[in-house]
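Chain order of the listed sequences is F and X. Its first residue numbered 1, the first sequence is counted upward by one per residue in full-length UniProt numbering. Its first residue numbered 1, the second sequence is counted upward by one per residue in full-length UniProt numbering.
To be clear, the hints were calculated from the coordinates, so they are not data collected in a lab. Hints may be right or wrong, so weigh each one.
To be verified - According to the in silico footprint, chain F covers these stretches of chain X (three or more CB under 8 angstroms from chain F): (1) 42–50; (2) 161–168; (3) 172–181; (4) 185–196.
To be verified - Listed next, with one range per pair, are the computed distances between beta-carbon atoms: (5) X:Arg139 x F:Pro77: 22 to 32 angstroms; (6) F:Thr28 x X:Gln87: 24 to 34 angstroms; (7) F:Gly41 x X:Pro126: 31 to 41 angstroms; (8) F:Ala423 x X:Gly193: 49 to 59 angstroms; (9) F:Gln609 x X:Arg139: 51 to 61 angstroms.
Cβ coordinates follow ideal geometry from the N, Cα and C atoms, glycine included.
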Amino acid sequence: MSADVTEVADFLASRAPFRELPRALLQTLVRQTAIRYVRRGTRILSVGETNEVMFVLRSGAVDITDGDGGLVERSEPGTCFGMSTLVERAPSRYDFTAIEDSLLLVVPAETFHATCERDEGFGAYFTSAHTARLRRAVALLHTTDRGGAVLRTSVGDLVRRAPVTAAPGDSIRAAAQLMAAERVSSVLVQQDGRLVGIVTDRDLRTRVLAEGRDPEGPVAEVMTPEPATARIDALAFEALMEMVERKIHHLPVLDRAGGVVGLISGTDLMRLEHNNPVYLVADIEAASDVAALASLGTRIPVIVDQLVAEDATAQDIGRVVTSLGDAIERRLLVLAETELGPPPVPYCWVVLGSQARHEQGLASDQDNALVIADEMTREHDHYFAALAQRVSAGLVECGYPLCPGDVMATNPRWRASVATWRAHFDRWLDTPEPQAVLNGSIFFDMRPLHGAVDLVEDLRADVLARTRHADLFLAYLARHAVGRRPPIGFFRGLVLEREGRHRDRLDLKAGGVGAVVELARVHALLGGLPEVNSHARIDAAARAGSISAGLAAELIDALEFVAYLRMRHQGHAVRSGREPDNFVDPATLTDFERRHLRDAFRIIRAAQQALLQRLPLENLS
Amino acid sequence: MRWWRGGAPDRGIADLELLALDLETTGLEPARHEIVSVGMVPVSGLTIELSGAQQWAVRPTGADGVGQSATVHGITDDAVAEAHPLQEVLPQVLTALHGRVLLAHHASIEVGFLTRASRAADLPVPDLTVVDTVRLQRRVLRLGRTRGHLGEEDLALAAAREHLGLPRYRSHEALTDALACAELYLAQVAVLGEDLTLRQLLR
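From just these sequences and the hints, can you work out the full model?
Rendered as structure tokens:
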């Protein structure tokens with residue numbers, strides 16, 4: 001029997017770095033390889049994903065782009081890719097997309113590493129190929145002025161804590177105990193205030209355990225002496241290059257005088273580079289307590305700021321902020337359940353208002369409620385009260401203030417069985433009172449977040465089937481929506497707040513974002529449409545013929561523009577340490593923005609008038 | 001009721017276990033000609049596993065030796081002398097086929113020779129489920145047109161591969177042809193839709 005897969009082996013043998021491999025080693029590699037086929041347009045690997053294989057393009061073509069879509073490399077047959085996650089052991093920095101139907105050789109990570117170990121040239125080739133690609137990606141960032149955080153940040157900004165240090169004469173065991181106590185994976189060895197070495201987890205494994213060394217011996221025997229370091233003012237990017245080239249994961253940071261100020265790891269750099277919501281969600285899901293969640297919560301404004309700078313739409317930013325808020329709230333629920341034990345009866349935790357609509361901003365407070373299975377008894381409420389208490393308090397710590405209107409699951413009124421919720425909705429729909437309808441409108445923007453989702457889905461379906469016939473209810477809602485006057489005055493200038501704390505400021509919420517949200521809600525309930533997001537509601541209303549397609553498109557643009565200005569305003573506020581609010585100083589807007597803002601408000605007014613014509617509201621007392 | 005090898009007929013192709021097989025023979029007729037080499041490579045779902053690739057040269061028993069067919073597959077009498085007797089190779093092929101769908105280009109050759117060889121060796125004749133890349137290629141070529149004749153030349157392995165943008169291979173080496181067939185299959189199902197079931201492949 002012989003099974004030299006000659007076509008594959010010959011193909012590889014004609015190209016670097018496989019060309020230099022001994023034939024036997026190459027054949028071993030080929031025999032561990034798999035082959036896959038992808039159609040044109042297939043995303044093979046995305047930024048932020050990890051993969052356990054290296055791809056070699058056998059035929060076809062693959063584009064390698066950075067996270068912003070800039071082309072880093074167009075690969076031809078023979079190009080290796082995807083190995084950055086093997087070289088760096090970190091998520092991919094690139095998107096890989098087949099631009100032709102492509103045949104891919106798939107080399108498993110173990111094979112890749114084993115080959116690197118057995119052939120030094122092979123490993124070195126990939127390290128330098130990887131840094132070359134990285135340099136191109138960074139050059140691209142420079143030329144397109146999309147400079148990522150990794151370019152703007154210095155190493156000193158990344159140091160999070162004072163270094164954990166030992167003296168050369170300390171025992172290995174003492175160093176290991178110190179690392180365990182401080183929960184770090186390396187310790188810096190200092191003598192007379194000078195860095196002389198570093199000991200990592202890996203050293204303890206390979207130089208102590210594997211060699212059976214006496215742990216009472218001095219740490220100097222197992223440290224890496226004179227390790228590579230980074231200066232405090234070096235760019236994060238330079239540190240990253242250093243770590244990749246040297247295949248190390250820890251870099252001590254020195255000040256100008258050569259004193260040790262801390263340590264950075266590859267993980268710090270990856271986190272920084274994207275400030276990527278994906279990583280943040282992963283961190284949130286792994287947070288072990290409220291304090292950890294609270295510290296992660298402080299990163300949300302940074303992400304918003306960055307998304308604004310990257311010109312993301314308000315709609316997208318709202319989605320990102322909401323999904324981070326969702327993740328924090330879900331994690332709090334899981335932590336609370338762990339503490340309290342499983343629920344006595346099924347329940348669903350729901351979010352309301354802007355969070356339900358995927359429109360959460362930085363100034364959003366918490367709005368939530370509990371929908372509990374009808375088997376619940378009075379006794380069971382102790383459990384749910386405790387659950388709500390924990391989650392609500394946790395949200396406060398994570399930066400979501402309590403709801404001023406007390407629309408929270410901690411309020412016994414909003415912690416109720418399905419039957420009780422039905423009764424609430426019946427009252428709003430059947431015997432509406434203007435103020436009660438207004439207060440209750442937030443519950444029509446409801447989204448199940450955690451638990452028995454079907455409890456809420458059934459409830460919502462039943463309610464939605466009825467809203468369109470609830471004339472008086474709709475009329476009250478519509479009257480309020482139409483009453484939210486956009487701030488455009490008689491001369492079509494902008495109307496500023498006349499008094500109070502926000503004098504001479506423009507309110508972007510009341511007659512702006514808020515007005516559109518209410519309009520969208522009226523249209524949704526008028527048509528019994530299940531959508532909750534305002535943008536989606538307006539789209540659906542246009543499809544249902546409730547609003548003209550042209551006006552709908554304009555209204556969506558208006559919402560996007562006002563919401564974007566608001567998000568930007570809030571991002572700036574948080575960055576400069578102020579409370580985010582909805583009041584913008586018109587002097588900070590450009591002429592262009594002011595003009596557009598006037599147009600946006602005019603469109604909102606037009607949409608309100610169109611609704612007035614649809615619904616006869618004059619007869620309302 | 002028929003027992004399906006390699007999975008129930010409604011199984012999606014993403015979960016299908018196949019074995020791409022190619023036999024090089026001294027001619028096209030199982031009754032008169034002989035197997036001179038066997039190449040095979042497993043396909044698990046939409047992935048070709050080179051770790052399972054195998055090839056054997058088979059020693060013919062007939063007095064004629066390789067004869068004229070050497071001009072096609074390049075296997076000379078000298079090379080054949082190093083080869084294994086069919087009775088050694090055949091059980092390994094049948095074992096590899098166990099639980100897998102047979103995948104071949106012009107599969108009737110492989111099925112015919114395997115059946116004949118099993119009978120001759122007094123082994124149970126395998127009840128094979130067969131996917132033929134020639135038939136799949138007909139469907140690929142018909143996607144874009146409603147009528148028109150498809151000639152042999154359109155359906156040959158090399159032409160089919162070229163049509164789907166796959167690299168050109170030196171043909172008529174058993175393992176290379178088996179691999180070529182396996183790659184062709186991946187490209188074909190990518191075009192035909194990866195949500196196909198085995199039943200739809202057999203149609």
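Hints versus structure:
no. : hint                                    : verdict
1   : 42–50                                   : holds (count 5)
2   : 161–168                                 : holds (count 4)
3   : 172–181                                 : holds (count 5)
4   : 185–196                                 : holds (count 4)
5   : X:Arg139 x F:Pro77: 22 to 32 angstroms  : 27 angstroms, holds
6   : F:Thr28 x X:Gln87: 24 to 34 angstroms   : 31 angstroms, holds
7   : F:Gly41 x X:Pro126: 31 to 41 angstroms  : 40 angstroms, holds
8   : F:Ala423 x X:Gly193: 49 to 59 angstroms : 50 angstroms, holds
9   : F:Gln609 x X:Arg139: 51 to 61 angstroms : 58 angstroms, holds
The structure meets every hint from the earlier list without exception.
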